[in-house]
Amino acid sequence: MEDEQDFIQDLLNPKTQNKAFQKLIQKYQRPLYSIIRNIVLNHDDADDVLQNTFIKVFLYLKKFKGDSKLFSWMYRIATNEAITFLNQKAKKNNTTSLALQLKILDTIKSDPYFDGDEIQIKLHKAILLLPEKQQLVFKMKYFQELKYEELSEILGTSVGALKASYHLAVKKIEAYVKNN
Amino acid sequence: MEKKILDTKPKIADGFRIPENYFMQLSDKIMSEINHKPKTIKFFENKKWVLAAAAIITVLITTSLFIKYSTKQSNIEIETLENYIAYHSTVSDEDIINLISEDDLKELNFDLDISKSEIEAILNTNSNLDNYLID
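These protein sequences, in sequence, are chains A and B. Residues in the first sequence are numbered from 1 upward in steps of one, following my numbering. Residues in the second sequence are numbered from 1001 upward in steps of one, following my numbering.
Worth flagging that the hints you see were computed from the coordinates, not collected in a lab. Hints are supplied without guarantee of correctness; some may be wrong.
To be verified - Cross-link-like lysine-lysine pairs, in silico, DSS-like; alpha carbons within 27 Å at most:
no. : chain 1 : residue 1 : chain 2 : residue 2
1   : B       : LYS1009   : A       : LYS178
2   : A       : LYS125    : B       : LYS1004
3   : B       : LYS1029   : A       : LYS133
4   : B       : LYS1009   : A       : LYS109
5   : A       : LYS89     : B       : LYS1011
6   : A       : LYS62     : B       : LYS1029
7   : B       : LYS1011   : A       : LYS125
8   : A       : LYS103    : B       : LYS1011
9   : A       : LYS172    : B       : LYS1048
10  : A       : LYS147    : B       : LYS1004
11  : B       : LYS1004   : A       : LYS178
12  : A       : LYS172    : B       : LYS1004
13  : B       : LYS1009   : A       : LYS147
14  : A       : LYS15     : B       : LYS1048
15  : B       : LYS1009   : A       : LYS163
16  : B       : LYS1004   : A       : LYS109
17  : B       : LYS1029   : A       : LYS23
18  : B       : LYS1029   : A       : LYS27
19  : B       : LYS1048   : A       : LYS62
20  : B       : LYS1011   : A       : LYS171
21  : A       : LYS141    : B       : LYS1011
22  : B       : LYS1004   : A       : LYS15
To be verified - The following residues of chain A were derived to be distant from chain B, with all beta-carbon distances above 10 Å:
no. : residue
23  : GLN5
24  : LYS15
25  : GLN51
26  : THR96
27  : LEU100
Idealized CB from N, CA, C, for every residue including glycine.
With the sequences and hints as input, model every part of the structure.
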């Protein structure tokens, strides 16, 4: 993509806005979908959250100060949207978001948009038992293969702390898989 | 040494599938949603005269109320007001003194245009003068 500042200007200019925004969606829809899906777990919810994320990005573009990269900023919006969505859904069902996610995983085998096997379900369950931030670190690093520097910008945590967090997450997951 | 599952190559995928053509249609879906929303805003923007009319009505009501209110006030004579405050108020001089701070006094900035002879005359007729001098 061309220089980010120029691209942001295109996004803000009413004449070039639509075309630029379409370009933005096409570039970032897959990585954003992936992190959202890994939080909400099913496709329909991920679709809702992803659409809301892009609409929010569009609405708040004027307020984007450029302190971080556009990608990190959108990533933050996407994760916040997904976590908020999950909490609201849990509240509606009179349960916690963890219980809701575990319930989804119990029946995920029958989901037409899941083609994992036992080991994958076990891995997702092990991730769910980690603290929230550690979950995000693990998912972004292991599944999405983001760099620590990118993670640092998204999560506002130092690279050193992120490395420690990821290492701890890996140890906990390995222990869970071994014992279950 | 026991092999760890997270070290396996290739990595374990998340297992999530996406409906076919999902990403091909998504941007159009989002764009139509976005372009649909501002239309509501445009409707109000085009109806600026509604806002202008509302503003004029507000000004008219406020002005008429103000005139009515200020006319009522001007009908009361100053003397009547003074009497009311003097005889119906439960606030004592002491209360007022306590409420007025040094800053309030400075802000008042009133001009005491009293001649020396007048001060002398007041002091001479004041029976509590000794008390003040002792203080």
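Which constraints among the numbered hints does this structure fail? Numbers only, ascending. 3, 5, 9, 22, 25
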